[in-house]
Amino acid sequence: MNTLNTVYLQVVDSLLEPGGLTAGIWSVQEFLDAFVDVATDFLQRSALYKKLDAVEQFSGTSQYTFDDWVMDLQAMFSNEKFLFRGDVDDLDLARRDWVGKIGTPREWHDDQLPPKVAELFPAPSASGNQVETTAINGYYGTLSGVTNGDMTFSVTTPFFGTIASNAGSTYLETGGPFFGTIASMVESKTNVMAAATCGLWNLDPQLTTAIEHIHASFLWALKYGVLAKLWSKAGDGKNDAGAKYASERYEEAIMIAKAISMEELLQEAA
Amino acid sequence: MPRVTLAEMQERVYHRLEENQLLYTSQEVTNAINENLMVLNCHAGWYQQTAILPTLSIPGRVIYDVPAPIVVPLNVKFDNRGIEKSSLDSASYSSANVLTKTGGPPRYWIPLGLRKFILTPIDKIGGRQIECTGIADVPPLVNPTDFFVLSDEFTNAVEDGSFITLILKEGGKILSDALRTIYPAWKAKMQELRRWESMKAPHVSEDTVSTR
Chain Z
1 MNTLNTVYLQ
11 VVDSLLEPGG
21 LTAGIWSVQE
31 FLDAFVDVAT
41 DFLQRSALYK
51 KLDAVEQFSG
61 TSQYTFDDWV
71 MDLQAMFSNE
81 KFLFRGDVDD
91 LDLARRDWVG
101 KIGTPREWHD
111 DQLPPKVAEL
121 FPAPSASGNQ
131 VETTAINGYY
141 GTLSGVTNGD
151 MTFSVTTPFF
161 GTIASNAGST
171 YLETGGPFFG
181 TIASMVESKT
191 NVMAAATCGL
201 WNLDPQLTTA
211 IEHIHASFLW
221 ALKYGVLAKL
231 WSKAGDGKND
241 AGAKYASERY
251 EEAIMIAKAI
261 SMEELLQEAA
Chain U
1001 MPRVTLAEMQ
1011 ERVYHRLEEN
1021 QLLYTSQEVT
1031 NAINENLMVL
1041 NCHAGWYQQT
1051 AILPTLSIPG
1061 RVIYDVPAPI
1071 VVPLNVKFDN
1081 RGIEKSSLDS
1091 ASYSSANVLT
1101 KTGGPPRYWI
1111 PLGLRKFILT
1121 PIDKIGGRQI
1131 ECTGIADVPP
1141 LVNPTDFFVL
1151 SDEFTNAVED
1161 GSFITLILKE
1171 GGKILSDALR
1181 TIYPAWKAKM
1191 QELRRWESMK
1201 APHVSEDTVS
1211 TR
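In the order they appear, the protein sequences are chains Z and U. Using our numbering, read the first sequence as starting at 1 and increasing by one per residue. Using our numbering, read the second sequence as starting at 1001 and increasing by one per residue.
Chain Z with its partners taken away, still in its complex shape (with noise of 0.2 Å):
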């Protein structure tokens, strides 16, 4: 798994200053703060990674709060049923007063809406299920029996690695090797569920944080847009030709990654 280091040193590399940054014109702190912002600006413009983020189910409860890594949210589902997207103006065109109908829901839509929230519609007549889980510090070990209704969760013994997925409709996914605390969990039935395209969990990474979500082939990418930002700032490393030039390299993965979206992935375009 490749670290933010791998980058750091390619950035160096082409900033002169080959193993880190010590000549006191970038800091370590600078490079970390424009990948954060590179590696989000790419996962947002790309919308090449996707999650799935499962929230619970109120009856009458028409809007929904999803986490704070979800970015765009582009597919939903109540009861895992998939929800036609709309918007208001649809919704008023059709129904005047569509604002607080319950039953089983069948459209959904985030515009005129905060951030990372959507509103169903009509609103869920009935509550999901709700998984109990006991906070666990420090785990390792089993867990072979977290039990509400649909859910049954089992891993090997001992545990200590990743959940990438578990069977049937229950998923779970974590952000990097799971050492820590379930400290809650929703499944997708009977609640609802967002695929979402996905920020960084870590927003305050160091150089020894694996880099989430993006493929090997793409820190290409993250380089390009690093080193923009750095040689576009106010200073002794101000470098237009440079900044434009790895500007443009940037554009490029974007587009390219834009195609992927469109052509191999079956997504319209952003």
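Because the hints were derived from the structure by calculation, they are not lab data.
Simulated crosslink set (BS3-like; lysine-lysine; CA at most 30 Å straight-line):
1) Lys238/Z <-> Lys1173/U
2) Lys244/Z <-> Lys1173/U
3) Lys1187/U <-> Lys1173/U
4) Lys258/Z <-> Lys233/Z
5) Lys233/Z <-> Lys1173/U
6) Lys1169/U <-> Lys1189/U
7) Lys1169/U <-> Lys233/Z
8) Lys1189/U <-> Lys258/Z
9) Lys1077/U <-> Lys81/Z
10) Lys81/Z <-> Lys1101/U
11) Lys1189/U <-> Lys1173/U
12) Lys1101/U <-> Lys1077/U
13) Lys101/Z <-> Lys116/Z
14) Lys101/Z <-> Lys1101/U
15) Lys258/Z <-> Lys244/Z
16) Lys1189/U <-> Lys244/Z
17) Lys244/Z <-> Lys233/Z
Chain Z is fixed; fit chain U onto it per the hints.
Relative to chain Z, chain U alone:
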């Protein structure tokens, strides 16, 4: 197609750099070559692999992870049979129960970003092999004898790209000359080798051709 080792490629790049091994370390040159093999792969998708999912299909499971080293999944086989690619929107247009639909082996796979895909209808039996073919992460060249297999025009593009990548730190006349001459030629070559139709010039269609 010719087989090119890392040592041969380094020699070609160093020749372009006027053998300046003081300013450009062997590791830097290797990094630049590896970077440009990846860039070329992003444009042209030249490195494709088939990978079998580490676990067999699980009864009732609908979402699977794209196996490493696949980056862009192009094709999925379920139990050695090709299945059709669809999108969430079009699959859901015929049935909103795309995540819960049962009834025989999966007939469609639906990409969910680059890391996951949906198999629908749900496999209720399980124990079947799932195979994924696609554009893969290019394994980095490390040892002098490590090699890649590419046609000459692709290899030349990697050489040009590596040269520009390296002289970026030097700046000055060498860089401005390269950005004026080599870089536009490299971009044109990428345009030619690119597999992504939406990045190419629009095709002339009947709608745009005057019939007069």
